[in-house]
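Each chain is listed here by its residues.
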Amino acid sequence: MSMTKIAFAGALGCAVLAGSALAQQALPIPPLQHAVPSDGLNAAQMRGQDVFRTTCEHCHGPGRGMPGTSSLAVKYQDTAPAIPALIEERTDLTPELVEFFVRNGSGAMAPYRKTEVSDDQLADLAAYLSRPRP
Amino acid sequence: MAGAAATPPGVSEAVFADALNRFAGVVGAENVYSEEEDVALYRDAYSPLWDEREEKLASAAVAPASAEEVQAVARIANELRIPLYPVSTGRNLGYGGSAPVLSGSVVLDLKRMNRILDISERDATVLVEPGVSYFDLYRHIVDNGLKLWIDCPDPGWGSVIGNAMDRGGGVTTGAYRDHFGSHCGMEVVLADGDIIRTGMGAMPGANTWQQNRYGYGPWVDGIFSQSNYGIVTKMGFWLMPAPDAYLSGTIAAHRHQDVIPLIDVMNRLENIGAFTGYPQVGSPVLFQAGAGAAPEELEAQARASGQPVWTCRLQFYGGRKVNEAQWEYCQEQFAAAIPGATFQRGEEYDLPLTPEQAEALGTEKVSFGIPNLGRFSIGARSEFNDMPTSGHVWFSPILPRTGEGLLAAQKVLFEAAEQLKPYNLSVLPMPFANWQRTFIFLINFPIYRDKDANRQTREAFRKLVKICAENGLGEYRTAPAFMNDVGDTYSFNDHALRRFHERLKDAVDPNGILSAGRYGVWPRHLRT
Ligand SMILES: Cc1cc2nc3c(=O)[nH]c(=O)nc-3n(C[C@H](O)[C@H](O)[C@H](O)COP(=O)(O)OP(=O)(O)OC[C@H]3O[C@@H](n4cnc5c(N)ncnc54)[C@H](O)[C@@H]3O)c2cc1C
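From first to last, the protein sequence lines stand for chains A and B.
Each step along the first sequence adds one to the number in our numbering, with nothing skipped, and position 66 is 573.
Each step along the second sequence adds one to the number in our numbering, with nothing skipped, and position 85 is 189.
So here's chain A without its partners, still in its complex pose (with noise of 0.2 Å):
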């Protein structure tokens, strides 16, 4: 097996497995690659960006089968200024649009109980994804 270091969504938080560890492992954990790396964020928007990983990203991530991404990239193919496809590379997107869609849903994205992402979470979810960019 590869010497190559895979990224890797823990439930609480997020670890970087390298080669000897990866030799243990059973089975493989997808996606390959997250869109946006945790340096610089605040303590807030880096439980967001786990809330993000372990519930978003299987539709928002990068990557195959992404119907999020997928259905975003088509949605605003002509927009101008561009709106990229990934909802974390986005510098659009206010909280309240966060929290809009996560408790309305939008077409195939049903909305989330407050079992699934509660009001705190949803709240770092919203300052992760409505981060100030440089």
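Hints are computed from structural coordinates only; laboratory data are not their basis.
For every residue, glycine included, the Cβ atom is placed at its ideal position computed from N, Cα and C.
Accuracy of the hints is not assured; some may be wrong.
Claimed, not checked - A few chain A residues facing chain B, derived, Cβ under 10 Å:
#1 Met573
#2 Leu579
#3 Phe608
#4 Gly614
#5 Ala617
Given the coordinates of chain A, work out where chain B with the ligand should sit on it, guided by the hints.
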């Protein structure tokens, strides 16, 4: 329209307020949801009744954290006659989401009960609580380096228990694809708050609860699936030991009539264990020629395009040499039964997959027991679809696993589509082999936030239920809007089975508080 019902039917505001207070005493006020905006989150986002008077709405939701809390909630509900509707992860999209069947029910949301209580690599078993999703279980297995596979449905966010309770299916090996069939042992809270364990779980001190399904005496597990007789708080499952290698191969048959031996050989080979994965029967030309094309047309089209009329893709899990030998044997068997059959070797992997290999699989990850959500591309916005749906309802009839049965059932659906032309149904039914001895069709009816369109969809759906039943094709599962309709079609001896279900219901839940109406089984006070 409001997204929540005010009170359960026949329950006064005062009694309801008392019930909610007492529920809060059990689970904590923060785990009782009665504000309209919170309760509205329990609406079925894919409801074919969205915003109509008949839409199935909860009146409140309660989220316990343990079996003891479930018992306490059931006792209160039973005393005050409050209808409860348990869900595990409540992601039953396409078959009802997290909404109750009876409007005004209080959803008992078990999502917070999310512990993996016991998992054994050696026995290849797991015991889980209802809130454990396929993602959670997969993650746990990976984090602990266990050499176990799960069998997941296309949507990875569902509950291992919830999916099994609705008798869902997956796509690995036969014994595991039937999710209810692969369970072993249950813990169930009854309507009066009593709690039972089934199989070996009934014997204190036995350590074989997840190994022997039956224990002693009448086996009752089945009556809790697709029903409303109890609230499952724990359930065991058999898991597949992680195989060392994977291989796939496709058989191509070039004459229309070949479908008969193709499926016969496929069945025999699966039932003797000569291939171990999920078999997929397809027809590339049927998709191009469209519904109802005659056999000669299909063959002509196949010749012109250089494609087969039928394909059958087999998958093998095991060791490299075993897979190789099995594929060789399967080819011999098909070649002997189908003149001119051709063979194409497919993907081949040493397992476990590398993350790169897994990533490249997209939605096919499920064939390797890796949960994902890729299938939600159905109806979503794309280059070809600028009108994304608000989900869909599945129409999923059971049909014989034979070539004749398949052709006959396809004919029924093609003719139904013709007869129901004003509804603009597009049916191109291909068979799915999730369950080992039958096929099912999976036809999705798109849902929009458009009452007229949804009304038409419901009409067409109901007509199709009838037409199919007249031809012996019955749904394996359905959304709450259609549960009575489908229930009506299982009518042998003047609905004797339903009458028996009702007798059971009256015996185990005399006040009729649990999941009233689920699968067409109503408590006495709500029967018409
Ligand atoms: C795009 C798409 C693809 C799909 N593909 C598949 C597929 O491949 N295979 C498949 O099986 N399904 C599939 N489905 C249907 C469905 O989404 C899944 O079956 C899903 O797992 C069900 O939701 P859940 O697991 O959250 O179950 P829940 O919603 O928690 O439970 C389903 C029902 O079972 C009963 N129930 C659940 N838990 C309990 C309990 N503890 N006690 C008593 N009763 C209980 C309740 O009546 C509940 O409404 C698909 C749906 C969509 C939209």
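Comparing the hints with the structure gives:
1. The interface hint given for A/Met573 is met, as the beta carbon of that residue sits about 7 Å from the closest beta carbon of chain B, less than 10 Å.
2. Of the supplied interface hints, the one on A/Leu579 holds, with its beta-carbon coming within about 8 Å of a beta-carbon of chain B, less than 10 Å.
3. The criterion of a C-beta within 10 Å of any C-beta in chain B is not met by A/Phe608, whose closest approach is roughly 12 Å, and the hint is violated.
4. Below 10 Å, beta-carbon pairs count as interface contacts, and A/Gly614 has one with chain B at about 4 Å; its hint therefore holds.
5. At a threshold of 10 Å, the smallest CB-CB gap from A/Ala617 to chain B is about 4 Å, leaving the interface hint in force.
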